[in-house]
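Line order of the protein sequences matches chains A and B. Taken in order, the first sequence gives residues 1148 to 1517; the numbers are from the working numbering. Taken in order, the second sequence gives residues 1148 to 1517; the numbers are from the working numbering.
One thing to keep in mind: the hints can contain errors.
Repeated chains share a single entry, so a pair holds when one copy, or any two copies, can fit it.
[To be verified] Dumping the calculated SDA-like pairs for lysine to any residue here, alpha-carbon to alpha-carbon at most 25 Å:
# : residue 1 : residue 2
1 : Lys1265   : Val1276
2 : Lys1265   : Ser1283
3 : Lys1366   : Gly1149
4 : Lys1365   : Leu1517
5 : Lys1153   : Gly1474
If you are wondering where the hints come from, they were derived from the structure by calculation, not from laboratory data. Keep in mind it's a predicted model, so treat the numbers as computed, not measured.
Number of protein chains: 2
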Amino acid sequence: MGDRDKALNERSRYLARQDRLRRLLHRISADALLVSHLPNVRYLCGFSGSAGLLLIQADDATFFTDTRYTIQAKNEISGATVRIAKKGLLNAAGELLRARRSLRRLAYSPAQVTVAQKQALDSAIARKVRWIDDLSSVEKLRATKDQGEVSILREAAAIVSKTFERTRRILHPGIAELDVAGEIERDFKRQGAEGPSFDTIVASGERSAWPHAHPSAKKVATNELVVLDHGAILRGYCSDMTRTVFVGKAPRRVKSLYRAVQDALEAGKAAAKPGAKSQDVDAAARNVLRRAGLGRYFTHSTGHGIGLEIHEAPRIGKGDETVLVEGMVVTVEPGVYIEGLGGIRIEDDIVITARGAEELTTAPRNLIEL
Amino acid sequence: MGDRDKALNERSRYLARQDRLRRLLHRISADALLVSHLPNVRYLCGFSGSAGLLLIQADDATFFTDTRYTIQAKNEISGATVRIAKKGLLNAAGELLRARRSLRRLAYSPAQVTVAQKQALDSAIARKVRWIDDLSSVEKLRATKDQGEVSILREAAAIVSKTFERTRRILHPGIAELDVAGEIERDFKRQGAEGPSFDTIVASGERSAWPHAHPSAKKVATNELVVLDHGAILRGYCSDMTRTVFVGKAPRRVKSLYRAVQDALEAGKAAAKPGAKSQDVDAAARNVLRRAGLGRYFTHSTGHGIGLEIHEAPRIGKGDETVLVEGMVVTVEPGVYIEGLGGIRIEDDIVITARGAEELTTAPRNLIEL
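So that you can see chain A by itself, here it is in the shape it has in the complex:
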C-alpha cells in the first residue's frame, strides 16, 4: 500500500469513528462535542501529542493545538481541520463556539474537564450555552476494537510475552527489583514499543502481597514469590500481563495457591464470550477462589478493558452488567495476597471473538520455579 493509500485509509477510519460518535450525540440531542481527554482525541483524529482539543460538530471536526505541535499536527491529524492556538486551546475553541451561534447544546465529559477549564470556556464563549454530559460516548465506542486495533493489541501482547521469556532467564537471587524492571522496560523498547504501558511492577517476597507495589532497591532472594506485572505500549495501544514465579523450589502451600489462581484464570477466560456479562467473567474466576477457601484474599476486580489506555471500559467486576461483544479486549487477572506469605497473580489479555475469546498474551502460565 502506498503512502497516499495509507493516508486515505487513516482518514476514512477517523471519519467513520466520528460518524459513529455523531449517532450517539444525536441521542442526547447534542449540537457538538468537546473532546478534551487525549486518548479520545487520538482515537478520533490521530493526534498523539500532549496538548490537543477536538470539537466534533454535525458536519465537521476542528482540532486545536499549540505552536509546539505545528509540525506534528500536520503529520498526524486526519479527518479534522487543524487550528494552531496562539492564546490557549480553550480560548481558541471558545472563540469558534462563540461565532457559531446555532450551537446551543454542547456535550462534554464532566469527569475529564476541570472546573477552571469549564470557566475558561464559558468566558471565551461569552454567550449562554447548555452544557450536557456526553455519557462517556467516546469511551463506549472505544470499548469495541476494530480489526486494525486488535492486530496492534496482539502485537503489543506478543512483545510482553517475549520479554517475559527473557526476564525468566535474568531473574536470579541478588538482582534488585528495580534492575529487573529496568531490563524489562528496555526490552520493550528494543522490540519497537514506545515504552511500558504503566510503571512495571516487580514485587518480591512479602512485597508481592501489595497489589500495587513499585519496584524497589530490594534484592530478589531465594524462596520468594516474585510478581511481574507489566505491559508495553505499541503505536498507542497497551498490553498488560502478570506472571508470578518462585525463586527456588516452591513449597506445597505455594503450589496449591498457585493452582487455585491458575484455575480461576482459566475459568474467567472460559466464561468470556459474546452475550456474557462482565460480571459473569468476574464470578467465574471469583467462585474458583471462593471454593478453594481463598475468596477473602482476592481483593480486587477480575479485569478491565485495554486499548489506548491501560484501564478502560469495560470493567470486569462484581455487579457490572456490560454485555461482552466481539472485539472487546480485556484482561483477566485473579490473584491472592496473603500478608507475610506473599502474592500470586496471573493475568492474560483476551479479545472477545465470534464464539468465545482468544488469548493475546501467550507466555507460559504454569508455575515456574527458578
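Fit chain B to the given chain A structure using the hints.
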C-alpha cells in the same frame, strides 16, 4: 539518626509546611483547604500512592485513601490523621465536611478538580458551602525548596549527568532511537532512581526539529543531530537535562547554531539570581538568539520549575514577573528548531543561591561530535 528521630523529623517537616500553608489560607479567609493534586498531597503529608485526598483545617489535617493503600498509608503518612474510605474518597471527605458546620469557606484548586468531582463533593457535603480559589497556595510554597529537597534534586540531577556519560559511549550510527531511550531509562533504575521523570526524548535527524518528538524505531545515522532530553525521579523529585550531539563531523552551520544556543544557555543562567524576575532569565537567553538572527526558531519558553513535578512553578517565560528567590530550582533550556535541518537544545537544572545560581546538572555542554 535512628528510625524514631527520622520519623519525628519527617513529622515536623510536614507540620511546618502545613503551617506555612495556613498563613496563606488565612489571607484568603479560608476555613479549610481540600488538597486533591497528588504531588501537593505528597508535599504536605508524605503519601506517594495514587489515591489520596488531604483536608487541611485550622488545627488539624485529615488524609483519605482507599483500602488498597491501608498498609502504605500507615508507613508513609506523617502529620495527618489517616481515614480509609470505603465508599470513595470524595464521599468520605464530603461527609466529614458535612459534620463540621463551622467550615463555611472551603478553598480548593479549580484547575485540579474536575466538574464531576466538584459535583460529587457538593452532593456529599449536602449543605451550602462557599468554594474559593486557593490561588495555587501549595504550588507557591513548593516553588521554594528547602535544603533537604535541594539535596535530593542535586542527586537526581547527578543521576542524569552520569547516565549521559554512558549514553555518549553507546550512541552510534545504526542504533534505534528507542534503543537509546531504553538504555537511558534502565541506567536511571540501575542508579536507584524510581524511573524517568517523563518519557525520554531521543530525536535524531529531521525529527530533532520537533521539540516534543517521542523516540521511534528510526535508526540514528551519520551526519545527524541527536537531541536527548531526559531526567530521573529520585524519591519523588525530578531532574531534567537536554544535550544535543552530532553524529559525525559537524558542518559549520551546525557549529554556529550550537554556539548560539550554548551562549543563550549561559546568558540565561547568568541572569538567574535572587531578585531577578523570571522574564529576565527568559529575555537574557532569548536576546542572544535574537541577536544571532535565530529568534523565530526559539519557539518555547526558556524554562520551568522542577520538583515533585517535572513542570511546576515558576515558569521562566516572557511576561512572567515572578521574583526569583534562594531555593527555587528551575531549568534553563533554549533551543532552535529548523525544519529540514534539525533541532538543538541544551538544558541545565539550576538552584537559585544567595548570590546567583548553582548548576545541578553537570554533563559537558560543548558540542560533542561522535
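Here is how each hint holds up against the structure:
1. Lys1265 - Val1276: both (12 Å within a copy, 20 Å between copies)
2. Lys1265 - Ser1283: Answer is both; intra-copy 17 Å and inter-copy 18 Å each pass.
3. Lys1366 - Gly1149: Between copies, since 22 Å is at most 25 Å while 51 Å is not.
4. Lys1365 - Leu1517: within (18 Å within a copy, 36 Å between copies)
5. Lys1153 - Gly1474: This pair counts as within: shortest intra-copy Cα distance 23 Å, inter-copy 52 Å.
Checked against the numbered hints above, the structure breaks none of them.
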